[in-house]
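Given the sequences, and given the hints that come with them, work out the whole structure.
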Amino acid sequence: MAVKLNINGITHEVEAKPLETLLAVLRDRLNLTGTKDGCGEGVCGACTEPVSSCLLLASYAENKGITTIEGIGSDGKLHPLQRAFLDHGAFQCGYCTPGMILMAKALLDRIPNPSKEEIRDYMAGNICRCTSYVEIVRAVRQAARRNRKRWKDEG
Amino acid sequence: MEFKTVGQSIWRVDGEKKVRGEALYTIDLKMEGMLHGRILRSPFPHAKLIKIDTSRAAKLPGVFAVLSREDFPQGGPLSPYFGRRMKDKTVVAIDKVRHVGDVVAAVAAVDVETADEALRLIDAAYEELPLVSDPLEAIREGAPQLFDHLPEIKNNICHHASLKQGDIEKGFQESDIILEDTFTTPVAQQCHLEAHNALAWFDATGRLNVQTGTQTPYAVRKSLAEIFQIAEEKIRIMVPYVGGAYGAKSSLKVEHLAAVLAGKAKRPVRIQLRREEVFLTVTKHASTVRMKTGAKKDGTLVAQKTELYYDTGAFAENGPNVVHKATLGASGPYRIPHIQADGYCILTNKPSAGAFRGYGVPQVALAYESHMDILAERLGIDPIEIRIKNLLREGDRHPTGITMHSVGYEELLRKFGAAIQLGDKKRTRGKTRRGKGIACMIKASNTESQSEAKVQANRDGTFAVFSSSVEMGQGVETVMAQIAAEELGVAWKGVSFVAQRPDTDLTPFDTMTSASRSTFCMGNAVRRAAKDLREKLVQFSAEIMEISPQDLRAENGRIFAAGAEQKGYSYKELAALHFKRRERELAGNGFYGDEEDAKTVLPFWLVGGCAVEVEVDTETGAVKLLKLVVGADAGKAINPRLCEGQVRGDSTIGIGQALLEELKFVDGQPVNATFLHYALPSFRDVPDDFPVVLVEQPHKDGPFGAKGLGESALPAVPAAIANAIYDAVGVRIKDIPFTPERVLSALSQKESKL
Amino acid sequence: MVNLQFPSSLDEACKLLSQSAGEARLIAGGVALMVLARHQLFSPDHLISLKQIDGLDQIRFDEENGLSIGALVTHHRVDTSPAVREHYPALARCVHHVGNLRVRNMGTVVGDLCQGDNHSDPAPILGVLGARIKAQSVRGERLIPMEDFHLDIYETALKEDEIATEIVIPPPLPGARSGYLRFSGNSPVDWPILGVAGLLVKEDERCKELRISAGAAAAVPVNFRPEAETLQGKKLTPAVARKFARACAARIDPIPDAHGSQWYKRRIAEVYIARIIETLNRENN
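Protein chains in written order, with the numbering used here: chain A, 532 to 686; chain B, 10 to 763; chain C, 48 to 332.
No lab work stands behind these hints: they were computed from the structure.
Glycine included, C-beta positions come from ideal geometry on N, C-alpha and C.
Treat the hints with caution; some may be incorrect.
[Unchecked claim] A few chain A positions that, by computed beta-carbon distances, are all more than 12 Å from chain B:
1. N537
2. Y591
3. R676
4. R677
5. N678
[Stated by the list, open to error] DSS-like cross-link-like pairs, simulated, lysine-lysine; straight-line CA separation at most 25 Å:
6. B/K26 to A/K608
7. A/K647 to B/K305
8. A/K548 to B/K39
9. C/K98 to A/K535
10. C/K290 to B/K762
11. B/K424 to B/K398
12. C/K290 to B/K440
13. C/K98 to B/K759
14. B/K173 to B/K305
15. C/K98 to A/K595
16. A/K647 to B/K633
17. A/K535 to B/K39
18. B/K173 to B/K57
19. C/K282 to B/K440
20. B/K540 to B/K709
21. A/K608 to B/K502
22. B/K60 to B/K96
23. A/K548 to C/K98
[What the hints assert, rightly or not] Facing chain A, from chain B, some residues (calculated, C-beta under 10 Å):
24. G24
25. E25
26. G30
27. Y34
28. E146
29. V251
30. A254
31. Q281
32. K636
33. L637
34. G658
35. S660
36. L685
37. L689
38. D697
See the structure below:
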């Protein structure tokens, strides 16, 4: 079936099988391999978009603006979250990282000044096996501070 | 000693790629014409494979190759046998299947759906055999045997390790107090987020190429060479970034299936395991440890007798080495005059247990660190003091004969004590009770390993490090770059180090990326290579400046005559000049593992531990972590932020094992082999108060004094939590995970006794 | 090739479902279905998606009719809906615990109930709130009380040709306090071993009406009406609460599994039923 997807501002028309997931379309048809395949059952969050793209039917993603990790930050410039992840060592193998960043971005879009508790609660569905999550919480707090500072500066 | 780069928490060299989602893992790689492989697995835990007929599957349109035991005739071009310690594994089942999930056949087809359909068309018939599930039953006379034809295996035991010192009976006779307890740990799984997967193809010259996320590219190459019965050099193994491993990706896992299918199909084949298959591929050893400890009234340890029964599942895999390591370290970091430890690596009809961070030590550390606390309580001695009293110290002889060196236990224990305030008994009334506990652990790194590295000067002023150490999150590429930079004498800023990803055609030999050995072993190789390169650059400068090399200094990325820093050349200038003259490689080589290195039998000890404060809900038995202080002796922290990340990350797996994780089997069938039902630690399962203590007792043989610490905390975490639970509610839990039911059950039994 | 249909009206969906004679499966958010399909526990040939049907994604509240949650409303929308948070705060807090945020953004509450997994969080709280499920088919529509909705694990009272289109909850009882507590072992994000919902109306410091429903432990949520009736007119002291909880726990028939034995689950039921009464009693004062 023909499915029209808007990914990172670009429209793609793909021929998808009825039960093909958004994750499969992203990785196999559009070669956007930044979104990862971890468990296929919506638990680990490596496919965060910020929905579980491993469970979402591609047809359900039509007409929704989807941002993947490839759409975060711009050429040469890192998004404050990416920068914060680097500053705090908030990743090791990096496999969960695109999902974590997208989830954190969704959080900051909703709650610009989250407490540590709110960060942990919001992101509880994203699993990391390498780190202790402590560094990720710190990174999200830092990104939130930078965002607030930017807004203050921009008046 | 003032270091320029060593000791700095610089950004990871793979960092930007990873936060941008640009880092490539094996699972991201594709090739034109690539086929998809899927595996037919045994539904039975133990059965004879009576018949296998793949003809219907082979005829399905879109199927290019089907693999079964028919493809491995005696004396044919392919040998089915491989294995880490013994050749007990086969590419596909030949006569029997030995666990649910055991590989029976495989298919390569145009897509996964077609491959799955083909699997359904394979006719396999089995004759069930008696189930061997309890390792303690498996070793009895008359128990069903998993292997009949291997001389190394008898009574389902594929390895027996032993440690002896003094006279154990005399030791117990001299003891004032004797403890005897049995501790158990269940099957658990590494749960790396990137599932096992590999992409294999034969190129135009007939060489086998494999992209795979393995920790051991050279070992994989060797095993494949044995299967294909060709020279190792006819095989190329390449390793992109790896999405977590923790031991699960050492030695052959799926590479052989992809390779054999690729050879048969004459097209590239990609095999990617589904999450449920990962659980059935390699696990952590379940264990029963019986420990009898004798001590004097004043807390001096006198004797310890330990029996370790480790369940290695259906194949030996890394099991013998795991049991060996656990047994030889069974007495912990303590001075005990009389020791007898016997470890048994036992086969049962479960998926193969193998390497998992900690490598057999967590199981036995639970026992010895629980005993230290029980002794402390019975004898009225502080838990930290009783440990310090008995510690093996710098220069002492470990029961294995190895000298203790760089063992910062006392400093760690005192810092833990200060951080957790062990003596401060703040009890809560009501439904919850708080408690505190500590534990430490010792683990030997690897003996007899080798690493070679090359550090190359590029003509644009950058440097390249060629090393087969695999970047799987631990930050090895960054650490190697820092070591090279320090040795070369270049400042980090303004100079970039490019890591050549492991590739057996390009990066020299490395035994493996595991056992926390890379910082020490590959680090030494890289340091020696950087030194070699620096000397070559000095030699070259000497030629062009017409000065004796002895009069030259190499500092801050420049080579100059002593006293005339402004005259002289930067490394970048030297590289440019060199290549102008000759198109000849400008690189240094370094090797670790020669006779001189091997004189120190054991490169280094992993030293670490933790302290924890818990809160127990006395009505439900639930355990909550309030604070977890973790620590390790780094020797010298090359990159403190990476060290902290490793120690905390390691400990988080420890939290999982202590409180949450258990892979359950009922009648040999896995019950919860999926992320939906296997509880992994999440953001809400770790305490916010989670500091790291790094101590540095420089190692005389480590690069700049550094040594590994990737496994230094995990083994102590379950024991510390057990000790804290006892402190909180007075019950001693000896079986992990410490589920609420276990705690409540123990509390109920305690109440009913009162 | 799977036949995936997107009817644009409820009538069309009911017709398609009826014509399929029990062979087609309905799909809303698709979370449960995709997980089952991925585990090869179920191979759909014919799926009817509700996604494009207008009007199923509404949350509606008014003082007279109470709350209506459409079949396409996600857990997250129920969690964050101002109407739900104001008038049925326990329901909002309850759905906050379902799965993880991604699942809550995709999965629907109605879908969750229709799945019939006994480890579901929302069923008990909907039970004590007096919720009913509207079921529509070519034969008409009916309202199924929550208490009668779950028959067994993965088995609901919905007929083969019925579509659950909304949850209807009566307006809040004046003076009532409701709450939901869940116990999931050592990890707050794990499946519930037990989820207990309660609703309490007091008069002169005494219990006027108490509703308790415990889910996740047995095959279907258990209501404790007979036991609750004995508390009418009584003061809910800790001793009374504990006695009541013990009686309830004795009647529950927990399924032993990886999360706990029968003995343990009964103990947890006893503890948590007492705790919910304590919580509701406190709030009332």
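Between the alpha carbons of B/K60 and B/K96, is the straight-line distance 25 Å or under? holds (23 Å)
Once the closest CB in chain B is found, is it more than 12 Å from A/N537? holds (18 Å)
Does A/K535 sit within 25 Å of C/K98, going by the straight-line distance between their CA atoms? holds (16 Å)
Does B/E25 pass the interface check with chain A, least Cβ-Cβ distance below 10 Å? At about 7 Å, which falls below the 10 Å cut-off, the nearest Cβ of chain A leaves the hint on B/E25 intact, so it holds.
For the pair we were handed, C/K98 and A/K595, check the Cα-Cα distance against 25 Å. This hinted pair holds, its Cα atoms lying about 14 Å apart.
Just to be careful, I want the Cα atoms of A/K548 and B/K39 compared with a cutoff of 25 Å; is the pair within it? Holds. A/K548 to B/K39 sits at ~20 Å (cutoff 25 Å).
Quickly compare the C-alpha distance for A/K548 and C/K98 to 25 Å and report which way the hint goes. holds (17 Å)
Taking the least C-beta to C-beta distance, is B/G658 closer than 10 Å to chain A? Hint holds; B/G658 Cβ to chain A Cβ min 5 Å, cut 10 Å.
Non-interface claim for A/N678, where every Cβ of chain B lies beyond 12 Å: Given a closest Cβ separation of 17 Å, the condition holds.
Should the hint that B/Y34 touches chain A count as held when the rule is a Cβ pair under 10 Å? For B/Y34, the interface hint holds, since the closest Cβ of chain A sits about 7 Å away, which is under 10 Å.
Is A/K535 close enough to B/K39, meaning Cα to Cα at most 25 Å? holds (24 Å)
Close enough to count: is the Cβ of B/D697 nearer than 10 Å to one in chain A? For B/D697, the interface hint holds, since the closest Cβ of chain A sits about 6 Å away, which is under 10 Å.
The structure does not agree with the numbered hints 7, 13, 18, 28, 32 stated previously, though it agrees with the rest.
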